[in-house]
Amino acid sequence: MSQAPWAIQTKRLRKVFDDLVAVDDIDLDVQAGTITALLGSNGAGKTTTMAMLLGLLQPTAGAITMLGLDLLKERARIAPFINFSSPYVDLPNRLTVRQNLIVYGHLYGTAHMSERIVQLAGQLQIGDLLDRRHGSLSAGQRTRATLAKSLLNEPRLLLLDEPTASLDPDTADWVRRLLMDYSKTSGATIFMASHNMQEVERMCDDVVMMKGGTIIDRGSPQKLRETYSRENLEEVFLDIARNRNL
Amino acid sequence: MTLPATATFERPHPVLRLLRRLLAIAERHMFLYLGSWPRFIETLFWPMLNMLMLGFVSAYMLHQFSSATVVASVLIAGTILNEIMLRTTMGMMVMFLEEIWSRNLGHLFTSPLGVSDYIAASMGFTFVKSIVSIVPAVIVALLLFHFSLLALGWPVSLFALLLIMNGWWYGMLVIALLLRFGIAAEWMAWMSTWLMVPLMAPYYPVTILPGWMQIISWSLPATYVFESMKSLIAGHGLQADYLAKALLLNIVYFIGAAFVFYRAFQGARKRGGLLQVGE
Numbered sequence: 216m217s218q219a220p221w222a223i224q225t226k227r228l229r230k231v232f233d234d235l236v237a238v239d240d241i242d243l244d245v246q247a248g249t250i251t252a253l254l255g256s257n258g259a260g261k262t263t264t265m266a267m268l269l270g271l272l273q274p275t276a277g278a279i280t281m282l283g284l285d286l287l288k289e290r291a292r293i294a295p296f297i298n299f300s301s302p303y304v305d306l307p308n309r310l311t312v313r314q315n316l317i318v319y320g321h322l323y324g325t326a327h328m329s330e331r332i333v334q335l336a337g338q339l340q341i342g343d344l345l346d347r348r349h350g351s352l353s354a355g356q357r358t359r360a361t362l363a364k365s366l367l368n369e370p371r372l373l374l375l376d377e378p379t380a381s382l383d384p385d386t387a388d389w390v391r392r393l394l395m396d397y398s399k400t401s402g403a404t405i406f407m408a409s410h411n412m413q414e415v416e417r418m419c420d421d422v423v424m425m426k427g428g429t430i431i432d433r434g435s436p437q438k439l440r441e442t443y444s445r446e447n448l449e450e451v452f453l454d455i456a457r458n459r460n461l
Numbered sequence: 004m005t006l007p008a009t010a011t012f013e014r015p016h017p018v019l020r021l022l023r024r025l026l027a028i029a030e031r032h033m034f035l036y037l038g039s040w041p042r043f044i045e046t047l048f049w050p051m052l053n054m055l056m057l058g059f060v061s062a063y064m065l066h067q068f069s070s071a072t073v074v075a076s077v078l079i080a081g082t083i084l085n086e087i088m089l090r091t092t093m094g095m096m097v098m099f100l101e102e103i104w105s106r107n108l109g110h111l112f113t114s115p116l117g118v119s120d121y122i123a124a125s126m127g128f129t130f131v132k133s134i135v136s137i138v139p140a141v142i143v144a145l146l147l148f149h150f151s152l153l154a155l156g157w158p159v160s161l162f163a164l165l166l167i168m169n170g171w172w173y174g175m176l177v178i179a180l181l182l183r184f185g186i187a188a189e190w191m192a193w194m195s196t197w198l199m200v201p202l203m204a205p206y207y208p209v210t211i212l213p214g215w216m217q218i219i220s221w222s223l224p225a226t227y228v229f230e231s232m233k234s235l236i237a238g239h240g241l242q243a244d245y246l247a248k249a250l251l252l253n254i255v256y257f258i259g260a261a262f263v264f265y266r267a268f269q270g271a272r273k274r275g276g277l278l279q280v281g282e
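As you go down the protein sequences, you meet chains A and B in turn.
Position in the first sequence (from 1) plus 215 gives the number in the numbering used here.
Position in the second sequence (from 1) plus 3 gives the number in the numbering used here.
No lab work stands behind these hints: they were computed from the structure.
Misleading hints may appear alongside valid ones.
[Said to hold, decoys possible] Per the computed footprint, the stretches of chain A lying under chain B, defined by three or more beta-carbons under 8 Å from a beta-carbon of chain B, are:
1) 322-334
2) 388-400
3) 408-416
4) 445-458
[Stated by the list, open to error] In silico lysine-lysine, BS3-like type, Cα no more than 27 Å apart, as pairs:
5) 438/A x 226/A
6) 426/A x 273/B
7) 438/A x 426/A
8) 438/A x 288/A
9) 248/B x 288/A
10) 226/A x 273/B
11) 288/A x 226/A
12) 399/A x 438/A
[As the list claims (entries may be wrong)] Calculated Cβ distances over 12 Å to all of chain A for the following chain B residues:
13) 62
14) 74
15) 104
16) 142
17) 148
18) 152
19) 187
20) 209
21) 236
22) 241
23) 244
C-beta: ideal position from N, C-alpha, C; glycine also.
Produce the complete structure using the sequences and hints provided.
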């Protein structure tokens with residue numbers, strides 16, 4: 216079966232809240248099978264862009280194509296093939312981790328549910344947490360449980376907001392490796408927002424820089440470092456945020 | 004362009020996929036109730052408490068006026084049937100509030116769950132929940148007050164069904180209120196579930212209400228159900244035309260409420276309310 220060359224494409228995507236232009240006519244192409252990061256300071260428009268891509272926020276104008284289909288018209292066809300995780304959107308606190316995974320497994324139509332849950336529990340090291348209530352978990356454990364939910368349906372497109380938020384350096388390290396392996400072995404696309412520049416440098420093939428609701432630069436981490444003559448992505452980020460070398 | 008297949012993703016018949024989604028929502032709330040005894044007991048508690056209160060009022064009336072058997076029976080039957088409608092409306096509202104309280108709306112509505120799936124699942128779950136919630140009240144009525152709701156015969160199931168339908172569309176309007184104004188409108192939502200009760204006259208004839216209230220009362224499907232119930236208890240027959248009117252009004256209001264709900268949902272999508280339904 217063929218695969219769309221672009222996992223995400225937006226054309227003149229715009230979102231206006233009252234008199235605030237949160238996202239201003241952005242054209243975004245994310246190649247299938249890559250890991251792409253969306254970077255920007257607070258208020259740059261990342262969360263708004265991500266919410267529009269998830270179908271949770273209706274654009275004021277513009278088009279979104281995901282996995283080759285128009286998101287605004289064919290969300291029902293696309294939804295089974297995407298998933299997401301964010302530390303700012305929770306799972307039901309009073310359900311156990313296993314119960315949440317069962318509910319979402321049924322929503323996504325996951326086959327061989329029990330095996331899939333055991334497999335993910337092993338990969339994300341949450342086996343001993345499966346029968347604990349989501350609300351009783353630490354922030355880092357919740358991040359891993361939510362990541363398990365986001366991988367239940369083996370998504371072709373995985374949208375992640377701060378995927379390693381609240382994780383200790385060791386756990387964050389193997390979670391990054393897990394996500395990179397997942398993308399590599401399954402050919403899935405990962406589109407993520409992160410403030411961790413080292414994480415982005417390590418994981419991402421492509422970086423999209425946003426500021427004031429627009430895309431102001433993009434390229435591989437290496438290309439951006441060369442363009443801005445900087446040692447690392449964090450310095451590039453600071454240059455852009457502080458209008459230096461632009 | 005075609006979507007790529009995944010290793011563990013089944014593509015069974017669309018009806019089967021729809022059923023799975025509906026069951027997933029029911030399952031999510033079943034897990035919640037089975038894992039939380041206070042929640043489960045609360046479901047049974049209020050209908051039983053109201054039954055006890057109005058049951059004793061009816062027992063007192065019978066003690067004072069032996070001829071008040073019809074009024075006493077109306078009080079008890081009205082209490083049980085009123086609870087069916089209330090529990091359905093509240094059930095729809097609480098299901099949605101649970102998603103707001105747990106900040107789960109974002110996950111739900113990025114999944115393959117559609118808006119109409121969610122409403123259908125809520126309707127199915129509240130149907131079962133409201134029937135289960137009145138079982139203790141029915142038993143209390145029988146054991147303490149020697150009143151059997153089932154003695155009214157098969158029309159009871161029609162009354163219950165029409166009142167559940169009333170609860171469904173009213174529940175959709177309450178959810179629309181929450182979608183529009185967020186959790187800040189929670190107190191308004193709780194209040195509005197009781198708003199219709201005096202108007203639909205479950206315990207007294209509609210003619211007792213002031214003229215302007217009667218006009219509103221006759222616009223509610225539940226009023227026709229309760230009038231039919233009172234007529235049946237008084238031995239004047241079922242008044243099938245009233246039940247037909249209740250059904251017709253329920254259908255009209257259901258369509259209207261679905262439209263309002265859909266508009267409120269779209270509005271929340273425009274404002275970003277699905278990610279930030281809060282104060």
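Tested hints:
Under the rule that three or more residues need a Cβ within less than 8 Å of chain B, the assignment of the segment 322-334 of chain A holds, with 7 such residues. Here the segment 388-400 of chain A counts 0 residues with a CB under 8 Å from a CB of chain B, which misses the bar of 3, and the coverage is violated. Using a Cβ-Cβ cut-off of 8 Å, 0 residues of the segment 408-416 of chain A lie near chain B, which falls short of the minimum of three, so the contact claim is violated. Three residues within the 8 Å Cβ limit are the bar, and the segment 445-458 of chain A against chain B gives 0, so the coverage statement is violated.
Restraint check for residue 438/A and residue 226/A: the C-alpha separation of about 24 Å stays at or below 27 Å, so the hint holds. For the proposed pair residue 426/A and residue 273/B, the alpha carbon gap of about 22 Å is at most 27 Å, so the pair holds. Between residue 438/A and residue 426/A the CA atoms are separated by roughly 19 Å; this keeps the pair inside 27 Å, and the hint holds. Pair hint residue 438/A plus residue 288/A does not hold up; C-alpha atoms about 36 Å apart against a cutoff of 27 Å.
This hinted pair does not check out: residue 248/B and residue 288/A have alpha carbons roughly 38 Å apart, beyond 27 Å. Distance hint between residue 226/A and residue 273/B is fulfilled; the C-alpha atoms sit about 18 Å from each other, no more than 27 Å. Proposed proximity of residue 288/A and residue 226/A is supported: the alpha carbons are some 15 Å apart, at most 27 Å. Between residue 399/A and residue 438/A, the direct Cα distance comes to roughly 22 Å. Compliance with the 27 Å bound is thereby established for this hinted pair.
Every C-beta of chain A lies more than 12 Å from that of residue 62/B, the closest at about 40 Å, which supports listing it as non-interface. In this structure residue 74/B is separated from chain A by more than 12 Å, as the shortest Cβ-Cβ distance comes to about 43 Å. For residue 104/B, the condition that its CB be more than 12 Å from all CB atoms of chain A is violated, with the nearest at approximately 8 Å. A cut-off of 12 Å between C-beta atoms confirms that residue 142/B is not in contact with chain A; the least separation is 29 Å.
Under the 12 Å C-beta cut-off, the non-interface status given to residue 148/B relative to chain A holds; the minimum distance is some 36 Å. Against chain A, the non-interface label of residue 152/B holds: every CB pair exceeds 12 Å, the least being about 33 Å. Distance to chain A confirms residue 187/B as a non-interface residue, since its nearest Cβ pair spans about 18 Å, more than 12 Å. The beta carbon of residue 209/B is kept farther than 12 Å from every beta carbon of chain A, the shortest such distance being approximately 42 Å.
Every Cβ of chain A is farther than 12 Å from the Cβ of residue 236/B; the closest lies at roughly 42 Å, confirming the non-interface assignment. Non-interface call for residue 241/B relative to chain A: holds, since the shortest CB-CB distance, roughly 42 Å, exceeds 12 Å. Residue placement check: residue 244/B keeps its beta carbon more than 12 Å from all beta carbons of chain A (closest about 42 Å).
The structure fails to meet hints 2, 3, 4, 8, 9, 15 from the earlier list, while all remaining hints are met.
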